[in-house]
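Novice: Here are the chains, one letter per residue:
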Amino acid sequence: MENKSLVSIDQYGRDDVIRILDNAARFENNPNRCLLEGKIAATLFFEPSTRTRLSFETAVLRLGGRVIGFQDASTTSSSKGESLKDTIRMVSNYADLIIMRHYLEGAARYASEITNVPVINAGDGANQHPSQTLLDLYSIRKTQNGLLEGKTIAIVGDLKYGRTVHSLISGMSHFNPTFHFVSPDELRMPDEQKQFCDRLGICYTEQDEFTPALINCSDIIYMTRVQRERFTDMEEYERVKNVYILRAEMLENCKPNLHILHPLPRVTEIAYNVDDTPQAYYFEQARNGLFTRQAIICEVLGINHLI
Amino acid sequence: MENKSLVSIDQYGRDDVIRILDNAARFENNPNRCLLEGKIAATLFFEPSTRTRLSFETAVLRLGGRVIGFQDASTTSSSKGESLKDTIRMVSNYADLIIMRHYLEGAARYASEITNVPVINAGDGANQHPSQTLLDLYSIRKTQNGLLEGKTIAIVGDLKYGRTVHSLISGMSHFNPTFHFVSPDELRMPDEQKQFCDRLGICYTEQDEFTPALINCSDIIYMTRVQRERFTDMEEYERVKNVYILRAEMLENCKPNLHILHPLPRVTEIAYNVDDTPQAYYFEQARNGLFTRQAIICEVLGINHLI
Amino acid sequence: MENKSLVSIDQYGRDDVIRILDNAARFENNPNRCLLEGKIAATLFFEPSTRTRLSFETAVLRLGGRVIGFQDASTTSSSKGESLKDTIRMVSNYADLIIMRHYLEGAARYASEITNVPVINAGDGANQHPSQTLLDLYSIRKTQNGLLEGKTIAIVGDLKYGRTVHSLISGMSHFNPTFHFVSPDELRMPDEQKQFCDRLGICYTEQDEFTPALINCSDIIYMTRVQRERFTDMEEYERVKNVYILRAEMLENCKPNLHILHPLPRVTEIAYNVDDTPQAYYFEQARNGLFTRQAIICEVLGINHLI
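Chains as they are written, first to last, in the working numbering: chain A, 225 to 531; chain B, 225 to 531; chain C, 225 to 531.
Chain A on its own, in the form it takes in the complex (with noise of 0.2 Å):
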């Protein structure tokens, strides 16, 4: 069984992306199918993700898998000072599969390298989220006809330590979107990122205001949630937090085929309201994960021939 941990998004060619979005479709079309019998995944989540790891642990049930693992770090071993080298090749004796989250980045790739058990990385400090970034783009297309090619996309709220929201950028960058980055000053889109679009001729705006003519232009918002750990200034993150909130009245005149989405949970950034719009697809979104993380573990795993 060839090792093809998944670590990073931009492990992945344009190619490779519309291979897993088609397997993740077959999937939905019947998503309990026994390929992973008498295959155990053990899911380590050194930091706590209910949405993350039930996703995951169901994509591996309903492919007749078994699981093992922890749901956060406070029991383990690593409490007991052992490191994450000799924690990785103790689990790499039980399990056929890694699928670990962890508050430090490169966690994950570190992992990949000791072990022969394929690792997918479900999430590593503010680092790659790359299983997110794949549910992002199998919903994208989805409800844009089966097209990701020329969308654009206005990412509202976190994008300065926004994981999902920088994967989702190198992820976009094989089909030509236009994106419109909206943040708070102190919240914008690193360099790094921007510096990514410029050189592969990626066209950008950045802006501090979420409006309407924003909206209208938009085929996909992607929100985000603003965290409160990420401010000194409380005063600041209460108007941040008002400015940034998407509302029904809001989509009066957007375009069609516009969905919302939002990597979930969302706290106050979306309305309650909007989840009765056409638009809402957050709910459907985080349904696609478990279809795409099928498709992700067989990826890794080298099953292919899925009809």
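Identical chains blur together in the list; that is why a pair holds if it fits in one copy or across any two.
Using 27 Å as the maximum straight-line C-alpha spacing, the simulated BS3-like pairs for lysine-lysine come out as follows:
(1) 309 with 366
(2) 465 with 309
(3) 309 with 228
(4) 479 with 366
Calculated directly from the structure, the hints in this document are not laboratory data.
Let chain A serve as the given structure and place chains B and C on it in line with the hints.
Specialist: Below, chains B and C without anything else, positioned relative to chain A:
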């Protein structure tokens, strides 16, 4: 699959109760049946309850299903400020059945209104715990030669806050019972339940002494835990705690069909020397929980024709 | 199904040990076998231990069984004041096998006396950890060309509180070993174990220096963690901690068959440069735990005729 969420025991009429108890009896003959092949149950315990969780998870696994979930809310998205609505809608993407325990009254009903996935209420605050009631009824019927009609039931301990006690009255109300409510003044049966009995013409007495006469006239003694947390006056707690202890010696002149139930966990209210009497039934009662919950799971999922 | 709970390594004679190790070897050839179809194992970890728990759960799942349980006692009924007896009797209603780790010595024996469900002791306080001992014996045999007889074993570190060390002496006692006990004065091997060796005529030496001569005459070096908690004098801890570190350089003149074991997790007592030496065996040792535990599970459940 018709959504037949079980939120409250009051949903079930006499025939529903009997049908479920009959199915539970079928599962007692053979608990391992592949009725949930390819199905996933989510056990969402926003409030921990090992006993109830293990009982439900065993029920699912012995039916051939798989389990995802969490054991307490401290490491979940809800700790990030996610609403119950969003958590339930998220889980609805992954699971075919939701089994939830929540510290807020009404949480299970609310959940059942925002998802198409059947929800089983595994306890919501001080409100309802219907699967406990059904296993209590199953246990009463089994210990009374298959008869639920016309039984005399002494309910002892905390009758004010006891969730299981309130549901038991509702569940037994179809079967013409006589109740003896035994509690300290501070923990008397609330008017709501007494008025319910009055409306239905159900006989009951109230007393604060746990007398031999009472024990000797009962078919069932239902003991409950008197929780320290309920008392402001600790001296009063100590007095009460010692008044309502059932000891083997107290069973000398009981009716031959008397059996003792307890929702468990018990602390001091049943002396250990009772465990070895033929009247002790609380561990078998817990065991009946497995079969009853298997029957409930099939009921809410619309799985019929069990032989 | 005969109850053959494994509480202490002392239950097993020479033939029992050899039978179990032979079965473990069969599982190493093929760990995926449907021998627990329809069976449920409860992993009750009143004290957390990720490594042992994941190893046992993998063993059960690869045998086709299912798992219920808890990872630490903080969220269990016992935190509501339930006795161990009631918890065990409750779980006995649901599971076909109980695997328990408890912080109190004797907890596993007590559990095995109050239930008909087989109990495997996965560690009780500082007392016993028999599955660790059997995987140690399996590892010793495997690294010594299939021979357990007449080996020279250096045991290094905390010999006073080291549960695995005490059980190892008992388990090896059938095979005419020679022991070298290496520890700081504060953590010397207790008289009980030394008297045990004396009674059986087992040769041993005691020293507080970890010398080249000792390393060069050993067939097995069994390293253990020296835990800070054990010391009142922190200076003494720092001194001791640094004295008992095994480094690759120290293995230059070792015997060709020397292998290094460690129950893991290791902290500083084995330098990382040892990991790449042919003598390092502690990760394979952990892997052997899977096969050995599968053999133990079949032993206690009375599942024989493995081919």
